[in-house]
Amino acid sequence: MVFQPDQPSVTTKKRHTGYWQRLLAALLWCYLFGLFGWAMLRWLAGDRWLWLFLLNTFAFYLFVPLPLVVLSALFMRSRQLWIGVTLATVLAVVLYGPLWFPYRGATADGPTLTVMTWNLLTFHQEPERALAALQASDADVIALQELNLPIAAAIAQELRDNYPYQLLLPHEGFTGMGLISRYPLAAQAAMFTERWVGDPQLATLTLDGTELLLVNIHALPPDTSTETIRERERQAQRLHEVAEQAAMPVIVMGDLNAGDMSVAYEILTQDLQDAWRVCGWGTGHTFPGADSPGSSRPHIFGIAVPMWLIRIDYIFFSDEIQCTEAMIGPWDGVSDHRSVITRLLVTPTAMH
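Here numbering that gives the first Met the number 0 is used: position 225 in the sequence shown is 224, and no number is missing along the way.
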C-alpha cells in the first residue's frame with residue numbers, strides 16, 4: 000500500500016491567504032493614515048516644529064510609495080481602502096501634479112528675458128569651471144550667491160563683453176552676492192533688518208524701455224533651532240512686501256534654503272509665481288551637489304547622502320510677467336547647488 004502525504008486543506012490555504020491580505024491591508028492603512036496625518040499637520044501647524052519643517056522639506060518622498068500602494072489596493076476587495084487610495088492620489092496630484100503636467104507656454108507677445116540663479120559655493124577655487132557654466136547658460140541676467148573674490152575677479156575680467164552691467168559684491172565668507180546682465184542695471188538701496196546670509200540685492204533692469212525690479216536673495220539656512228525657521232518666514236514676508244509695493248514687474252531669484260512645502264514659500268507665492276511650478280518639468284531638485292571642500296552636502300556615518308534631493312533655489316516673478324520655459328542650468332561639478340534658468344516674457348500690460 001502506498002501512502003500519500005497529507006495535503007493542506009482548503010481551509011488552511013484560505014486562512015493563510017486571509018492572514019497575508021489582512022497584513023497587507025494593515026500596512027496600506029498605516030501608510031494612508033501617516034500621509035493624511037502629515038497633510039493635516041502641515042495645514043494646521045505649518046513649520047511650527049523643526050521635525051515638521053524637515054518633514055515638509057522632504058514631503059515629496061512621502062508620495063514615492065504611492066504607486067505601489069495603488070497597485071496593492073487594486074487586489075484588495077475593500078471599498079474603504081479604495082476610497083483612501085483615491086484621496087491620497089488626489090492629494091498627490093494637487094501638491095505635485097503641476098510638476099509633471101506639460102506646460103502649454105505663454106500666450107502673450109512681448110520682449111523676453113532669460114534669467115538664471117546660482118549659489119556658487121563660497122569655497123569654490125576653480126573660477127574657470129564656474130565661468131564655463133555661466134557662459135554655457137546663455138542667460139541675459141544672472142543672480143549669484145556665495146560669490147567669492149576669485150570668481151568675482153574672473154567675471155569682471157572675462158565676462159565684461161557678454162555682461163557689461165555688473166553689480167558684484169564678493170566676500171571671503173558666505174555673504175558674497177552678485178548680479179550680471181546684458182541689459183542696463185541700476186542698483187537700488189533697500190533696508191533689510193532680517194538676518195540674511197548675504198543682504199538682498201535690489202536693482203532695476205531696463206528692457207526695451209520697461210523697468211523691472213530684480214531681487215537677489217540668500218535666505219538664512221536651517222539649523223537645530225526653530226528660530227531660523229521663523230527668521231526665514233520673516234524674510235519671506237519682507238520680500239512679499241517689496242513685491243506688493245513695487246511699481247514695476249518683479250523678479251526674485253536666489254537660494255531660499257526652504258522647500259516648496261514650507262511656510263516661507265507659501266508667503267512668497269502669495270503675490271509671486273514660482274517659475275518651476277509654472278513652466279518647469281520634473282522635480283527640479285537643486286541641492287545637495289558636489290561633495291567638494293566646504294560643501295553643505297550632509298554625511299551620515301561618514302557617507303555623503305545622494306545628490307539632488309530637494310529644491311531650494313528659485314526664480315519667482317510677478318503677474319505682469321509670463322514664463323515660457325524653466326530648466327536646470329549648467330553645473331560645474333564643484334558647487335553644492337545647481338543653477339535654475341527661466342525664460343520670461345514681459346507682457347504688453349507691463350510695458351505701459
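Derived from the structure by calculation, the hints contain no laboratory data. Take the hints with a grain of salt, since some may be wrong.
Okay, the calculated beta carbon distance ranges per label pair [stated by the list, open to error]:
hint : residue 1 : residue 2 : range
1    : Gln-269   : Leu-22    : 18 to 28 Å
2    : Leu-86    : Glu-210   : 45 to 55 Å
3    : Arg-78    : Tyr-18    : 43 to 53 Å
4    : Thr-268   : Val-69    : 44 to 54 Å
5    : Ala-188   : Gln-236   : 36 to 46 Å
6    : His-298   : Gly-172   : 21 to 31 Å
7    : Phe-191   : Thr-268   : 11 to 21 Å
8    : Glu-171   : Leu-86    : 17 to 27 Å
Just so we're clear, the structure is a prediction, and the values are computed from it rather than from any experiment. Even glycine gets a Cβ: it sits at the ideal position worked out from N, Cα and C.
Checking each numbered hint in turn, tell me which of them this model violates, lowest number first.
Hints 1, 3, 4, 5, 8 contradicted; others consistent.
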